[in-house]
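A.B. asks: Chain residues, written in single-letter form:
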Amino acid sequence: MDISLLTVILVAAVVVGLYSAINIGANDVANAMATSVASGALTIKKAVLVAGICDILGAILVGSHVANTIRKGLVDPLQFSDRPILFVFGMLAAVLGSALWVNIATCFKLPVSTTHSIIGGVVGFGLVSVGIAGIKWKIVLYVVLSWIISPVFGGIIAFTIFSIIKKFILSSKEPIAQTRKIGPFFAGIVIFILSLSVIFKGLKNLHLDLPFIEALLISLGLGVAGYFIGKFLLQRFKEREEDPYYQVEKMANPLQVLSASYQAFSHGANDVANAIGPVAAIWAVLQTQKVEMSVSVPIELLLLGGAGLAFGVYMWGHRVMETVGKRITSITPTRGFSAEFGTATTVLLCSRLGMPVSTTHVAVGNIIGVGLARGISAINLDVIKKIFSAWVISLPAAGLFTVVIYFLLKFIFL
Amino acid sequence: MSIISKLFGKSPFEPLYQHMMKVKECVDLVRLLMDAFIKGEDKEVKEVASKIFKAEHDADMVKKDIRNNLPKSIFLPVARGDLLSFLKEQDSIADSAEDLAVLLTMRKTVVPDELKDELRDFVEKVIETYEVAMTVSSEIKVLAETSFTGVEAHKVMDLIENLKLKEWEADKAQMEAAKKMFSIEKKLDPVSVMMWMHIFNELGTLANHAENAGDRMRMMLHDS
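Chains A and B are the protein sequences, given in the same order.
FYI, my numbering numbers position 196 of the first sequence as 196, with every residue one higher than the one before it.
For any residue, its number in my numbering is found by taking its place in the second sequence, counting from 1, and adding 414.
Each hint should be verified, as a subset may be incorrect.
[Stated by the list, open to error] Part of the chain B face toward chain A, derived, beta carbon under 8 angstroms: (1) I417; (2) I418; (3) S419; (4) K420; (5) L421; (6) K424; (7) S487; (8) I488; (9) F489; (10) L490; (11) A558; (12) E559; (13) S561; (14) T563.
[Claimed, not checked] Going by beta-carbon spacing under 8 angstroms, a handful of chain B positions derived as facing chain A: (15) V556; (16) F562; (17) G564.
[What the hints assert, rightly or not] If you anchor each label on the Cβ, the simulated ranges turn out as follows: (18) B:E538 <-> A:Q235: 48 to 54 angstroms; (19) A:I182 <-> B:K578: 33 to 39 angstroms; (20) A:I156 <-> B:M589: 55 to 61 angstroms.
If you are wondering where the hints come from, they were derived from the structure by calculation, not from laboratory data.
From the three backbone atoms N, C-alpha and C, an ideal C-beta is built for every residue, glycine too.
Input sequences plus hints: build the corresponding full structure.
C.D. replies: Next comes the structure, spelled out in structure tokens:
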């Protein structure tokens with residue numbers, strides 16, 4: 001195999017992957033952070049900084065699971081053992097095709113998901129190269145199911161969390177005292193889940209692999225620490241002569257910043273794969289000169305993808321948040337926390353299971369969950385129809401783009 | 415990004431509050447109107463009436479705006495029908511004030527001295543009723559904040575109970591005023607008697623709508 005051609009392809013894939021990462025970062029940052037900006041908990045500058053850092057961390061620490069699914073979960077690379085170059089072309093075509101489709105769809109204001117596009121691309125390439133039998137349909141089925149289940153699952157979490165807040169805080173005689181009591185638990189739970197996901201089998205890249213019990217104990221310890229920090233912060237809050245419910249919202253500000261960071265982290269963990277999954281596949285071929293299953297996703301690539309996300313956040317996050325923040329003032333910190341906690345937990349769980357899900361769609365499901373718990377003054381359900389139609393178009397469209405590019409590459413270079 | 419912001423519709427609760435403020439502006443003028451009417455100051459009656467027409471029109475505009483922004487695809491923390499019928503009743507309060515102002519300006523009806531005390535008492539009771547209704551309505555924003563349950567909802571429910579009591583008192587005062595009017599019917603010409611019946615009716619209707627608005631609000635609250 002021609003090494004120089006492979007290197008050129010890798011560079012091309014890295015460039016396109018980085019471009020995708022920047023796009024993903026720019027577009028999705030507002031999902032997590034806009035609520036914190038709208039409620040005044042964070043300035044736009046701080047929100048951009050926090051989102052960037054959390055996105056990178058999520059990408060590096062938990063990003064490899066989903067990347068592996070895209071890299072080798074859907075189309076078995078071993079089928080290309082005799083002609084690895086075809087696999088390389090296919091992955092390059094997938095990353096190019098999906099990026100192209102996402103750009104075109106954005107021009108037409110279609111709310112497409114990068115996740116759906118990249119999966120459509122990889123499956124499309126698989127169909128024309130190795131045929132129907134060459135695709136791992138079971139995994140594809142799981143992935144598609146996860147797209148349906150994840151928003152619903154998240155919505156249920158958000159519904160439950162907001163119902164708890166409603167029952168124990170908003171409906172109580174002393175909402176402020178109740179916030180002091182219950183708020184720290186939420187903080188502890190977020191920290192606990194976050195730590196567990198990172199520590200348990202998440203630190204392989206740093207050569208720190210702890211057994212479950214140890215990971216659980218450390219995470220519990222961190223969670224308890226989070227509880228006390230939350231308690232300390234809420235004790236410091238001074239009551240004012242003002243409507244207690246508005247004060248509760250102010251007290252929930254730090255919680256919301258925490259959940260927003262949690263969501264940005266999960267976003268990095270899941271979405272970095274959309275940009276670097278195919279690149280990792282090409283990298284593996286170049287490394288070994290043949291298709292290998294066992295090579296892990298290199299941390300350099302995860303770091304690069306994470307940096308791309310953060311760069312996108314940094315460059316365009318400001319403008320995006322300004323426009324979104326103005327529109328969603330109706331989502332106050334207690335609502336924001338419920339929705340973000342549900343979104344982040346769902347996306348993180350899916351990331352650990354290697355399921356590429358759309359963070360945006362999960363967020364939509366969660367906001368609707370809070371709405372069903374009567375937490376949001378007006379939700380426009382027309383959006384669901386739009387999402388569904390974009391969803392249905394994305395798979396074949398991105399697949400088609402990928403197939404065309406795949407044949408072009410084959411035609412030019414072989 | 416855009417999809418998340420599109421998910422949030424325009425909240426109807428802030429505009430509902432604005433509508434309440436407009437209705438309040440309109441009905442607050444009823445006291446001035448009736449004072450001028452009882453004192454027989456025709457010019458003042460006309461001036462106040464024209465202010466009532468203006469405020470009623472403003473309230474109508476806000477009502478239209480709220481309705482236009484509530485297509486069926488909007489999901490609210492309360493039933494859409496309940497919210498719209500609450501809006502309708504709240505708007506009817508202003509309509510009654512307007513109708514009353516029309517009655518007082520289209521014909522010069524003299525208030526006989528014997529009727530003044532009962533009329534003042536009746537007007538006072540009607541005003542008390544709508545004032546409680548306005549307090550109930552003004553809680554709408556806080557209720558949205560607490561998602562229509564809990565201590566806040568109970569507070570509003572108590573207010574609504576009080577509202578029913580006030581309306582009942584207004585009914586009694588209406589009866590007294592009507593009785594008084596008929597006791598001096600010999601002194602009044604038939605057209606005046608007819609006008610008085612209309613004026614009493616309109617005042618009573620205003621109090622009724624105030625009570626109904628409270629009832630509709632009650633339907634939006636959840637027990638929990």
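A.B. asks: Going back to the hint list, which numbers does this structure go against?
C.D. replies: Structure breaks no hint.
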